[in-house]
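**Q** Listed below, chain by chain, are the residues.
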Amino acid sequence: MSASAAAEALGAPAELRQRQWATLARATLRQWRARIGLAIFLLMVLIALVGPALAPHNPDAFVAAPNSPAGQHGLLFGSDYIGRDVWSRFLDGGRSILGMAVAATALGVGLGTLVGLTAAYLSGLIDEALMRVADVFMAFPQIVLALLVVTALGPKVWLIILVVGISHAPRTARVIRGAAQQIVERDFVKAAEAVGEPRRRIIFGELLPNVTSPLLVEFGLRLTYSIGLIAGLNFIGLGIQPPAADWGVMINENRLSVTVQPWGVLLPVLAIALLTIGTNLLTDGFARATIGIERGE
Amino acid sequence: MAVAEHGEAVVVRGLRIDLTATGDDIVDAIDMEVRAGEVLGLVGESGSGKTTVGMALLGYCRPGGRVTGGEVLIDGRPLAAMAAGELRRLRGGTVSYIPQDPGTALNPALRIGRQLSEMLEAHAAQMHDEQRAARVREALAEVALPADEEFLRRYPHQLSGGQQQRVAIAMAFACRPHVIVCDEPTTGLDVTTQARVLQTIRELCVSHRVAAVYVSHDLAVIAELADRVAVMYAGRIVERGPRDEIFSHPRHPYTRRLLRAVPDLHGARAVIGIPGRAPLPGNRPPGCFFAPRCDLALERCRSEFPAPTALGDGHVVLCHRAGELAEGEDQPGRPPTAGPPGEVVVEVRRVDARHGSRQVLHDVALTVARNECVALVGESGSGKTTLARCIAGLHHNYTGEVVLAGQTLAHSARARSAQARRQIQYVFQNPYASLNPRRTVGQTIARQLRLFGARGSRQQIGARVAECLERVALSAAAANRFPDQLSGGERQRVAIARALAAEPMLLVCDEVTSALDVSVQAAIVELLGQLREQTGLSMLFITHNLALIRTIADRVVVMTDGRIVEEGPTVQVFTAPRAQYTQNLLANTPTVEAAIGR
Numbered sequence: 001m002s003a004s005a006a007a008e009a010l011g012a013p014a015e016l017r018q019r020q021w022a023t024l025a026r027a028t029l030r031q032w033r034a035r036i037g038l039a040i041f042l043l044m045v046l047i048a049l050v051g052p053a054l055a056p057h058n059p060d061a062f063v064a065a066p067n068s069p070a071g072q073h074g075l076l077f078g079s080d081y082i083g084r085d086v087w088s089r090f091l092d093g094g095r096s097i098l099g100m101a102v103a104a105t106a107l108g109v110g111l112g113t114l115v116g117l118t119a120a121y122l123s124g125l126i127d128e129a130l131m132r133v134a135d136v137f138m139a140f141p142q143i144v145l146a147l148l149v150v151t152a153l154g155p156k157v158w159l160i161i162l163v164v165g166i167s168h169a170p171r172t173a174r175v176i177r178g179a180a181q182q183i184v185e186r187d188f189v190k191a192a193e194a195v196g197e198p199r200r201r202i203i204f205g206e207l208l209p210n211v212t213s214p215l216l217v218e219f220g221l222r223l224t225y226s227i228g229l230i231a232g233l234n235f236i237g238l239g240i241q242p243p244a245a246d247w248g249v250m251i252n253e254n255r256l257s258v259t260v261q262p263w264g265v266l267l268p269v270l271a272i273a274l275l276t277i278g279t280n281l282l283t284d285g286f287a288r289a290t291i292g293i294e295r296g297e
Numbered sequence: 001m002a003v004a005e006h007g008e009a010v011v012v013r014g015l016r017i018d019l020t021a022t023g024d025d026i027v028d029a030i031d032m033e034v035r036a037g038e039v040l041g042l043v044g045e046s047g048s049g050k051t052t053v054g055m056a057l058l059g060y061c062r063p064g065g066r067v068t069g070g071e072v073l074i075d076g077r078p079l080a081a082m083a084a085g086e087l088r089r090l091r092g093g094t095v096s097y098i099p100q101d102p103g104t105a106l107n108p109a110l111r112i113g114r115q116l117s118e119m120l121e122a123h124a125a126q127m128h129d130e131q132r133a134a135r136v137r138e139a140l141a142e143v144a145l146p147a148d149e150e151f152l153r154r155y156p157h158q159l160s161g162g163q164q165q166r167v168a169i170a171m172a173f174a175c176r177p178h179v180i181v182c183d184e185p186t187t188g189l190d191v192t193t194q195a196r197v198l199q200t201i202r203e204l205c206v207s208h209r210v211a212a213v214y215v216s217h218d219l220a221v222i223a224e225l226a227d228r229v230a231v232m233y234a235g236r237i238v239e240r241g242p243r244d245e246i247f248s249h250p251r252h253p254y255t256r257r258l259l260r261a262v263p264d265l266h267g268a269r270a271v272i273g274i275p276g277r278a279p280l281p282g283n284r285p286p287g288c289f290f291a292p293r294c295d296l297a298l299e300r301c302r303s304e305f306p307a308p309t310a311l312g313d314g315h316v317v318l319c320h321r322a323g324e325l326a327e328g329e330d331q332p333g334r335p336p337t338a339g340p341p342g343e344v345v346v347e348v349r350r351v352d353a354r355h356g357s358r359q360v361l362h363d364v365a366l367t368v369a370r371n372e373c374v375a376l377v378g379e380s381g382s383g384k385t386t387l388a389r390c391i392a393g394l395h396h397n398y399t400g401e402v403v404l405a406g407q408t409l410a411h412s413a414r415a416r417s418a419q420a421r422r423q424i425q426y427v428f429q430n431p432y433a434s435l436n437p438r439r440t441v442g443q444t445i446a447r448q449l450r451l452f453g454a455r456g457s458r459q460q461i462g463a464r465v466a467e468c469l470e471r472v473a474l475s476a477a478a479a480n481r482f483p484d485q486l487s488g489g490e491r492q493r494v495a496i497a498r499a500l501a502a503e504p505m506l507l508v509c510d511e512v513t514s515a516l517d518v519s520v521q522a523a524i525v526e527l528l529g530q531l532r533e534q535t536g537l538s539m540l541f542i543t544h545n546l547a548l549i550r551t552i553a554d555r556v557v558v559m560t561d562g563r564i565v566e567e568g569p570t571v572q573v574f575t576a577p578r579a580q581y582t583q584n585l586l587a588n589t590p591t592v593e594a595a596i597g598r
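Chains A and B, in that order, give the protein sequences.
Here the first sequence stands for residues 1 to 297, where the numbers follow our numbering.
Here the second sequence stands for residues 1 to 598, where the numbers follow our numbering.
Incorrect hints may have been included.
With the C-beta cut set under 7 Å, the calculated list includes, among others, these residues of chain B facing chain A [claimed, not checked]:
hint	residue
1	Ala392
2	Ala413
3	Phe428
4	Ala433
5	Asn436
6	Thr560
Calculated Cβ distances over 10 Å to all of chain A for the following chain B residues [as the list claims (entries may be wrong)]:
hint	residue
7	Glu347
8	Gly393
9	Leu474
Everything labelled a hint here was simulated from the structure, so no lab data went into it.
In this text, a Cβ means the ideal position worked out from N, Cα and C, and glycines have one as well.
Please take these sequences and the hints and turn them into a complete structure.
**A** As structure tokens, this is what we get:
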């Protein structure tokens, strides 16, 4: 059906906008990478959310001899280095990492978008200043920045979210600034300026809706980094503190006995790997879909 | 020179190209012949399939398309039978191409000399280096460019747009092709440059006996250049024949309407647009494709696709009424009349403006009175858009004064009062960029209404939006569309509706029709004329197209290099121009009337 014929049949703006997103979603899911990514992502999110309710044992309870092999004592994947149920701890350990990763990403991408759009719109000195500050932040590898703050102020959940989020912000700001710079040049922004539209409304009303595609891609990408970073912090012991069940913590706890009882390490490692791969495939598929749609394919 | 037995370098018979995805045809039943030394003008509006046909002569098909019928013969040999390697040698060798935008067609990393000799290396490998160098110099001389070392060592960005286009033409002619396809090569050029480029193409075609297909939407250019003309509409050639026949005795209603949409430089004939839009592939009506927009259509036109009617001398028309409509006189349009100008609305006093360190306006003064339409004419780079932006508060770097109804305005729109911002409204050149693609038309106009003080419920604002759309002859249903669901003309109407929603005193129209097809351009000009008649709006109409403003402007201001060189009542400027620059501009503007001596 041609564009004009499609337009005839359409009604309210809300419905139209939904259709635009539906087109994008279809173009995304037409690709195998995106379908696989979505399946993996949904599976891992499901485990993280529903897992705690399905855990056969209390994740903190000692239920068997340490490092019991899989299948013994009715434990599906055996017990960990101090005799807790690996399966139950695995099911229970996804929620914290996923929650923290999403929170940190939302914070970082939100902040980065605000800075990126402001820099792109105001340009000139303010743009320079914001971007130089971003450069300073980007000079530190994200994990170093996180370690620095967490060792200084202590391993607190809110602090980890904050520092991981802030470490994402300059990277997102760069991407969004780049995307928005092309939008700022367009005449509809000039038209808004000519009628005296407030700056805040130009940034959020004119620019933001036109960078939603890169924004979503950026969110997906930063989410994978967040998962890796937070798992890393938990692994080093600067994140969530034992005895809480968490995938990162589990890897750390059980790594010494990995030769005797591999499941305690293998399950959380697989989970983290799958979560990042799934997120990444989905994001990649979405990014390809937006490019394809722009090309008119 | 190897040509087919009848001397036709290009023969196209029954060519059909389909969209691979749906099987709908993009173009069908394309028949044409071009003889050596002859120029065929292929005229059509955007989406008519003219570029698709032009590319088919090079053996190309756009992605998503496929040749499914008919044949293209170059020098009597069918392209379809050629192997890939043979086709590659053909392109640029036997058939060459002049693109629309030389800026993107020339490799920015290669010097001019290198670009040209590379072309020769690919297609005339037997040449020695000295022969090749001689040919490069010859090719540049043919297009009136210097061929010295200094010039050959330049990069494309060091040339002007006109020089770039002439380099592209030199490249196209360097291998001595038999056929040349020109895809609107003068669209981006100023009239003076355009005139020179057209003359170059014309001379080269004659001197080298090249068969040229000149694809364009500009009827005036075609009238100046072509020997024969084919008019395309919705993927069909609806009328073809010798140039004088087509322009003096057009038979197809579409050709006639198209000619009436072309602005006339000499008379005061009003331009009249064609309502509606051309049907897209897969969406075409069962009968004649033009029937839904044709005011002469009969019952038969709506049900039955017309067969070609030959009228002798190669004049072929696809219309059921070709015979009867022989000499039917079309009514000349009445130019809109507005009341006499009132008091001065906007005055520009001694404005000097700069872009960075470069001064683009020198001591410019201008007034626009109530109820007056002032046309600001100039070529690209003359500073006309900068002046308009100074008035609208979008260009801040100027000295001098912009006075609105007695009050000097601040330089930046943001620093002006809401009242001042309301009273000067700006309509941008490109309607594809001036509307936020993420907002519906209704949201865009509603925002403008609220910004300038409209209060009320959603329903009340919605009713106001509908009124605004009706004023520009759009249906209220358009409010629910996003800009990408509208055609270029419809978008420009929305942009005008947005400007009028503020109820301004002055409407600044910055090249508002230059991104549009001629029939749409005519409709927009018609609309602006009617709006003036109804509302007594003042207008500053900025354009590079002199012919366009003949019927709508009261006064003309001509600018070049940031200075005003002539100013006066429209009739006076057109009939007795004083400035040399205006005289050149008038002489170089191609018109249908001048070309066919009518």
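**Q** All hints, please: hold or fail.
**A** Evaluated hints:
no. : hint   : result
1   : Ala392 : holds, 5 Å
2   : Ala413 : holds, 5 Å
3   : Phe428 : holds, 4 Å
4   : Ala433 : holds, 4 Å
5   : Asn436 : holds, 5 Å
6   : Thr560 : violated, 25 Å
7   : Glu347 : holds, 19 Å
8   : Gly393 : violated, 6 Å
9   : Leu474 : holds, 13 Å
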